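J.: Given next are the chains, with one letter for each unit.
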Amino acid sequence: MNSTVDSSDAWLASAQALAQQFAKTHKLLLSSTERQLSAAFEIGTLHSLLRFYRTQGYDLTPKNLNGNEYRYLTSPSGNPSNYSYVEAVGRDGIFEIRQQVRVESHVDPHIAFTPDIVVLVKDTKIVDSKHPDYASGKRSYYRVSSSSVVAAHECKSMNPFPELMVSFIGMLVSAHEWYPDSTEVTHTNDQGHLAPTLFVGGSARGLHLRMIAAMHKSYRLNIVCGLHAGTWNLTDAKNRLLWTPGGVLPAAVIHEDDLPY
Amino acid sequence: MAGENRQIDPVLSALIAPMSAKPRHAVVRRHEAMMRELRYLSEREVPDKNLAFIRKRSWTDERLSVLFALNSVYQEVLGPFSASARGGTAGIGTEHPITHGSLRFDSATAYRANSAMNDFSEIVYKMEFRIEWLWHNTCSDLIYYIAQYERENFDRQ
Chain A
0 MNSTVDSSDA WLASAQALAQ QFAKTHKLLL SSTERQLSAA FEIGTLHSLL
50 RFYRTQGYDL TPKNLNGNEY RYLTSPSGNP SNYSYVEAVG RDGIFEIRQQ
100 VRVESHVDPH IAFTPDIVVL VKDTKIVDSK HPDYASGKRS YYRVSSSSVV
150 AAHECKSMNP FPELMVSFIG MLVSAHEWYP DSTEVTHTND QGHLAPTLFV
200 GGSARGLHLR MIAAMHKSYR LNIVCGLHAG TWNLTDAKNR LLWTPGGVLP
250 AAVIHEDDLP Y
Chain B
0 MAGENRQIDP VLSALIAPMS AKPRHAVVRR HEAMMRELRY LSEREVPDKN
50 LAFIRKRSWT DERLSVLFAL NSVYQEVLGP FSASARGGTA GIGTEHPITH
100 GSLRFDSATA YRANSAMNDF SEIVYKMEFR IEWLWHNTCS DLIYYIAQYE
150 RENFDRQ
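Residue numbers (numbering that gives the first Met the number 0), protein chains in the order written: chain A, 0 to 260; chain B, 0 to 156.
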């Protein structure tokens, strides 16, 4: 046996010992279920969004707490009124940052889906009704109108790929009555709400970065990749908006030079 | 040659031992995909130049396999979990613990995540890898960045 093989074997044995020790020390974390991991990533995205709102000058207050606890709505089958949310007060109004609220589209009421996080205008009416095609009419079908949605965000703890990115356009079009150019919203690259954003855990490079830059230029959305790599600062997400009901300010189109890539 | 040895990587084996079924499957699947790509890059008609270069710099299949194992565990488990440790804005996740169904995310959860990340980074450092190599998605991405790093080091020597 030569010395290269010896040192390679020793290196591998050392790596194995470190991994075994790590697995022993952090057994609890490593044994997290898929549901826990998915929840953790979604909560991480919420933290990131809240920090962004603070940098944009919004005052944030958790509302509808359960005692001292923030009760996170985990599924659209729950009544949003029973769960916590964050109130954001800014120069363009008062808003509610909520999780897992079903949105009924202005395109057609049968188009309804649940973004991971939605920013709604304050006191948005939560409609509930029983529907024979939903839980055999036994449970309420909760939803809000897309006319109240400022921005719907989606979190994906996976690698970015073209079909994932392009499918987010469907959510942009269906969940936002203001899209593409209603006077309800003023588009800006300055302070304001984060435009509808797809948060992706994996990192992008090469052609994917070019695609993301092109989508930023072409649509009022952001695609933020690399959250697993620590990309939690959203200042590069340049597509932003202000809620201006009845406003008439012209839309500011993002310039290529301002693109983050 | 890469991928011919079907025995599971010992580092991967140790790290997935405590995992629940679905995350374990996701980690193993990711590691296998990276090993398959390594085999393809090794065996294709025009061999990958970056791979050929790093092989001359002592990057064996075993060493790459260990890196792929750490990358896979980070991407599938540690990365998503440590995301929840970045709380504190408006007191959410700290002063106001988050209850997510039967799950709870609070300061203790954040401490556990940060502690695991610190220890994991220590393994990466001791194995003479770079932390940013945990962030790449594919075998060829990783090999590209390893080759770039080795060339920079090579130029300095």
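Watch out, some of these pointers could steer you wrong.
Said to hold, decoys possible - The calculated EDC-like cross-link candidates involving lysine to aspartate or glutamate, where the alpha carbons are at most 16 Å apart (straight line), are:
{"hint": "1", "chain 1": "A", "residue 1": "Lys23", "chain 2": "B", "residue 2": "Asp105"}
{"hint": "2", "chain 1": "A", "residue 1": "Lys121", "chain 2": "A", "residue 2": "Glu183"}
{"hint": "3", "chain 1": "B", "residue 1": "Lys21", "chain 2": "A", "residue 2": "Glu33"}
Said to hold, decoys possible - Computed footprint of chain B on chain A, listed as stretches where at least three residues anywhere in the stretch have a Cβ under 8 Å from a Cβ of chain B:
{"hint": "4", "region": "39-47"}
{"hint": "5", "region": "200-214"}
Bear in mind the hints are in silico, worked out from the structure with no lab data behind them. The structure displayed is predicted, hence computed values, not measured ones. Just so it is clear, CB atoms sit at the ideal spot from N, CA and C, and this is done for glycine as well.
J.: Just to be careful, I want the Cα atoms of Lys21 of chain B and Glu33 of chain A compared with a cutoff of 16 Å; is the pair within it?
T.: holds (6 Å)
J.: Given the hinted pair Lys23 of chain A and Asp105 of chain B, is their alpha-carbon gap at most 16 Å?
T.: violated (22 Å)
J.: Compare the distance between the alpha carbons of Lys121 of chain A and Glu183 of chain A with 16 Å, and conclude whether the hinted pair is satisfied.
T.: Holds, at roughly 15 Å.
J.: At a Cβ distance under 8 Å, does chain B reach at least three residues of the region 39-47 of chain A?
T.: The restraint on the region 39-47 of chain A holds, since 8 of its residues have a Cβ under 8 Å from chain B and three suffice.
J.: Report holds or violated for chain B covering the region 200-214 of chain A, Cβ cut-off 8 Å, minimum 3 residues.
T.: n = 4 at 8 Å, threshold three: holds.
The structure fails hint 1 only (numbered hints given earlier).
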